[in-house]
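**Student:** Taken in order, these protein sequences are the chains called A and B. The opening position of the first sequence corresponds to residue 1 in the working numbering, with each subsequent residue numbered one higher. The opening position of the second sequence corresponds to residue 1 in the working numbering, with each subsequent residue numbered one higher.
Quick caveat, the hints were computed from the structure, so don't treat them as lab data. In this text, a Cβ means the ideal position worked out from N, Cα and C, and glycines have one as well. Mixed in with the good hints, there may be bad ones.
[Claimed, not checked] Calculated cross-link-like contacts (lysine to aspartate or glutamate; reagent style EDC-like; alpha-carbon spacing at most 20 angstroms): (1) B:Lys633 x A:Glu486; (2) B:Lys20 x A:Glu132; (3) A:Lys232 x B:Asp271; (4) B:Lys633 x A:Glu102; (5) B:Lys633 x A:Asp487; (6) B:Lys598 x B:Asp393; (7) B:Lys20 x A:Asp155; (8) B:Lys60 x B:Asp81; (9) B:Lys633 x A:Glu132; (10) B:Lys633 x A:Asp138.
[Stated by the list, open to error] FRET-style restraints, in silico, Cβ to Cβ: (11) B:Pro555 x A:Ala171: 57 to 65 angstroms; (12) B:Pro41 x A:Arg196: 29 to 37 angstroms; (13) B:Arg605 x A:Glu440: 57 to 65 angstroms.
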Amino acid sequence: MRNEIRFLRCGHEVRLDNLNPMLTLLDYLRLQERALGTKEGCAEGDCGACTVVLRKLVDGHLVYQPVNACILLAGQADGSDVIAVDDLADGTLHPVQQAMVEQHGSQCGFCTPGFVMALFALYHAPRRGELERTQVNDWIAGNLCRCTGYRPIVDAALAACAQPAQDQFAAQEPEIARRLATLADGQDVFVGDADRFFAAPASVAALAELYARHPVAVLVAGATDVGLWITKQLRDLAKIIWLGRVRGLDLVRDEPDAVTFGATVTHQDAMAHLAAIDPDLAALMRRFAGRQVRTVGTIGGNIANGSPIGDTPPALIALASTLTLQRGEQTRTLPLEDFFIAYDKQDRQPGEFVRSVRVPKLGANDRFRCYKISKRFDSDISAVMGAFRFTLDRGHIASARVAFGGMAATPRRAGGAEAALLGVALSDQASWSRAFAALESDFSPIDDQRASAQYRRDAARGLLRKALAEVAGAPSAHTRVVDRREDASVAS
Amino acid sequence: MSLPDAKVDTAPRTVGIATKHDSAIRHVCGTAVYVDDIREPEGTLHLAVGGASLAHGRIKSIDLAAVRAAPGVVAVLTAADIPGRNDASPVAGDDPIFAHNTIEFHQQVVFAVAAQTRDAARRAALLGKFEIEPERPLVTVDQALDAGSHILPEYTFVKGEPAAALAASAHRLSGTLRIGGQEHFYLEGQVALAVPGEDDMLVYSSTQHPSELQNIVAHMLNLPAAAVNVEVRRMGGAFGGKESQAAQWAAIAALAAHHTRRPCKIRLDRDDDMSMTGKRHDFRADYTAGFDGDGRITAFDVNLASRCGYSADLSASINDRAMFHADNAYYLPAARIVTKRTKTHTVSNTAFRGFGGPQGMMAGERLIDDIAWSLGLDPLDVRKRNIYGEGRDRTPYGMRVTDNILPELIETLERTSDYRARRREIAAFNAENDYLKRGIALTPVKFGISFTTGHLNQAGALVHVYQDGSVHLNHGGTEMGQGLFVKVAQVVAEEFGIDLENVKITPTSTGKVPNTSPTAASSGSDMNGMAARAAAATIKARLIEFAAAKFAIAPELVSFRDDQVFAGNRVLTFSQLIREAYLARISLSSTGFYRTPKIHWDAARATGHPFFYFAYGTACSEVIIDTLTGEMKVLRVDILHDVGRSLNPAVDIGQIEGGFVQGMGWLTCEELVFDSQGRLLTHAPSTYKIPCASDVPPDFRIALYDGANREDTIYHSKAVGEPPLMLAISVFAAIADAIHALAPGKRVPLDAPATPESILHAIHKVTQH
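Extracted from the complex, chain A is given alone in its bound form:
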């Protein structure tokens, strides 16, 4: 058992043994260390002004992960080398800084430190060929700029990343890798006392034991939602258990008929596995959130959180995924849709946690489509999210799983539409109309800031029509304005 958080800062080892469990990494930097380069723009992980980079040792290699410091807890930096904008220039500007200056990539300058750090992570990301504008757009989807219109920032990224990474950080890598290896001690971490603590168990058994003892503790994976409970709702979270050090909880088991994701597999790490099931899942994951959120947010957290929208659950439900929960040493498995009981209510007992989710792959006769509708394509929460798996038999639908987010208080299947789709001939558009009618009575959506109930109904029907049209053979160049399947490439 270790009773302090340890991470690296500018070559020094920081040890926090007297830690407010809710301290954010941004407040650590700005208020404690007085490193003032990193900015707070929104304090909810949506604008990226607070982006810093966690340099981590993953499978023996150093990776540079951009994260939102505003909603990342300081304890989550454990085992990392924390790099902020203040650290980049060493007498001369870093290549990404130099490119930002040359391309006139800053105006008011307030978002700039966040962009610089996002581009710094991109600069150190593994390269596959020449970088394209769309890849840069995706990489900075979690960074908002209100002044420039982004073009010069993208130009700066392309200019800086045209050269291989050669900077002081690349030069430090052997030394940093060695030091991070010594920080990776595999110990359970517990900072505080029984009434108020930040804990980071190192094994599933230790997690199960600790959570059983403190069932009121808050489980934190990426903190991309829990962070807002702290910064926005000002809730007092006295006991926090961070899952980021639990060995084995982040494993992906990719088998011929299914992929099983451990609860703490991040969206970023899940992307390639889901993309291999269907390109629409790659697009969904890409649009799910900006890089900073995908880097720390987890599949398990997105489910356990129980959002009515969720974005991954409708797709996973349409794929007939199952969820495994654990409490103490007991585990149980249920269909994912059964986990969501009502608004803000899930089938999870005190002390019980998400262990894994199993996602079946598509059979030869299965066709999958999913669509997300939002006011902004990237980094937005969907107004309506529709996911469809049709099993075909000689041009007819032999079985259908249809799930929607944003249409009810939970992600839910459209039972009426599923039944009405049985036997439908793809070639006979007239036969589709019964399913549209059934969909009307499947849901009673509400008006809110994302859309009206009427729009949700209309869009849901439109998505079902689109899915049928595409599965019937319409190329998505004729059915979509973005995320066309014909030009789908696995995002990095």
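We have chain A; now place chain B onto it with these hints.
**Tutor:** For chain B alone, coordinates are given in the frame of chain A:
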């Protein structure tokens, strides 16, 4: 995109060069200091505010005992603690710093708490208890119109005999367009730090208007204005949102500093900022127009009703500007333009880039599309037929348009964007596609430059030259990212013939240049550039006189270039001459002043010459829409924009691109949603979506028009801050064009913002029988 080649040798040396932003290196290193980055003086307290939980009602009681008792709390402040005037308004005296008696919008500030830490203050602020007797809030423009609720009297421009002209018109149409508001979403939220002195107050604020803030703090504390100094080095974005509405937060910080005798800082949380500060006005435009068979407008009668919110703020001038731009670039032989300025129980709407102009322009542009759809014409042809021209040059407010370059701009862009061929190609695409439709539009912008509040068209500067030849530059303009400071520094470097690096840019301070106007109305470099040049010219004239006498040559033989002074056949460095001048007891400091010429306005008769000149631009946008869901993607945008002779092409292109994308956000993805109780539901970036990188057109081509401002502006440049925003109306018109493909000949009732929902709604309207 390529910038014009750097000019060589022939003057000017510094002006016209694509110089980097003066703070670019500090921006990228994180060393640019914003108010929250100022090292706090020892003992600084942190503030948070408590807002009302409903939108309208009478305050019966306020119980702040729990707030006072909360950990870390040092002071709690309400209206009763204000020694002087409880008002943070720019004009009308109707914006209480702390609400008392009545609540007029949800989250209106009732009290502030000062504590040891910001976290303690925020937690304590949640503990306030109010008893408010609720009254029914008026939330929307429609509700306010029905209730006859106005914050300001309506105002009308009339030209000719619009009723008779309408009656005599070959064709007539009527319509309604709803235009949404917009949150500024400056990345740096509202913030201020007040430091009490022995009998005075120093306020650091993120404000576009230090002088107004100075007066508000002085009146609040019963201090003479001379005892309040306001300083601002830079803002992390403003866009109009810190013109009048930075004042309340600075006032609260100063009040707390006054009572506690300690430095006090307030920095609003983003959600509070979005709930508690005003936005771009949303409008409803109801219009009737007459036109001939060629699509020429014969009469335009338009009613513009805006949601001003609970107080007047700057709504008078904003609505005026909506009227000034309802014609956009089109000649109206007869017109009646009316604004109704409604009072609602929502936050007071305020300045936002374009200042009402964009909303007025939207009405005029919708009219053009309506005419084109009605007559089966290409909207571009209708635009060209109506553009101001010879003998058709008098605006509805009496000013003649004499500097119109739009015909040339439009012809050029029509050619370079390949508009006609693309329109044909789009028609072919639309004929073949059931689910997807594409649309294209080419729209112009004509934007009047000058404050329409006449007295604001003045500026001051202060220039010192020190013995080492370094130059200290100060002026009344503020830097919010728009590149004003570097442009004005370029002007001063040019005047002295010295390297830009030798001009030290210093924070805006009411103690250095008094009685300044807000940095607004795109006027920053026009006015402050002129004032700073005047200050430098005064010193330079003294230096010339000194050098001419010292070397016994004619003054015409003294010139300044490349950090050197050429005096007859002698050459000395600038700093050598300065040193000599100092020893000879020559004053090396001067103020400079500028007032914009040629402008006048008769408000009673609604006629005059309110603008020094017009800035012009034109944009061609192409979009694709999904008719099943209403989703939309902008495919390509071409822009040709007029900045006169650019002071700094890099800065100007940045303003054009950034303004366009911001305007595109306003008209597409950015939607403010209030519930029926007047609560803003979209008070965070999770629910209010400004454009991100992938929303920028993948094919985005921008060119600067090559031509000088015909008026005598600073180096014949033109203002650039606001006009490009309105180029984004081309995106909105292109979306309408795409919808029109579903039902040719029908008018498209698309409202702004064109969210997927708004687009799908318009699709259903045109496809219903």
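**Student:** For each hint, tell me whether it holds in the structure or not.
**Tutor:** Quick rundown of the hints versus the structure:
The straight-line distance between the Cα atoms of lysine 633 (chain B) and glutamate 486 (chain A) is roughly 17 angstroms, inside the 20 angstroms bound, and the hint therefore holds. Straight-line distance between C-alpha atoms of lysine 20 (chain B) and glutamate 132 (chain A) comes to about 25 angstroms, which puts the hinted pair past the 20 angstroms bound. A hinted pair counts as satisfied when its Cα atoms are at most 20 angstroms apart, and lysine 232 (chain A) with aspartate 271 (chain B) qualifies at roughly 8 angstroms. Taken as a hint, the lysine 633 (chain B) and glutamate 102 (chain A) pair is broken in the structure, with Cα atoms around 30 angstroms apart against an allowance of 20 angstroms.
Annotation: proposed proximity of lysine 633 (chain B) to aspartate 487 (chain A) holds, straight-line Cα distance about 16 angstroms (limit 20 angstroms). Only pairs whose Cα atoms come within 20 angstroms are accepted, and lysine 598 (chain B) paired with aspartate 393 (chain B) is accepted, the gap being roughly 18 angstroms. Between lysine 20 (chain B) and aspartate 155 (chain A) the alpha-carbon distance is near 15 angstroms, which keeps this suggested pair within the 20 angstroms criterion. For a cut-off of 20 angstroms, the pair hint linking lysine 60 (chain B) to aspartate 81 (chain B) stands: about 18 angstroms separates their Cα positions.
Distance check on the hinted pair: lysine 633 (chain B) and glutamate 132 (chain A) sit about 19 angstroms apart at the alpha-carbon level, within 20 angstroms; holds. Restraint check for lysine 633 (chain B) and aspartate 138 (chain A): the C-alpha separation of about 16 angstroms stays at or below 20 angstroms, so the hint holds. Distance hint for proline 555 (chain B) and alanine 171 (chain A): a CB-CB separation of about 59 angstroms, consistent with the stated range 57 to 65 angstroms. At about 32 angstroms, the CB distance of proline 41 (chain B) to arginine 196 (chain A) agrees with the hint of 29 to 37 angstroms.
Distance hint check: the CB atoms of arginine 605 (chain B) and glutamate 440 (chain A) are about 59 angstroms apart, consistent with the given range 57 to 65 angstroms.
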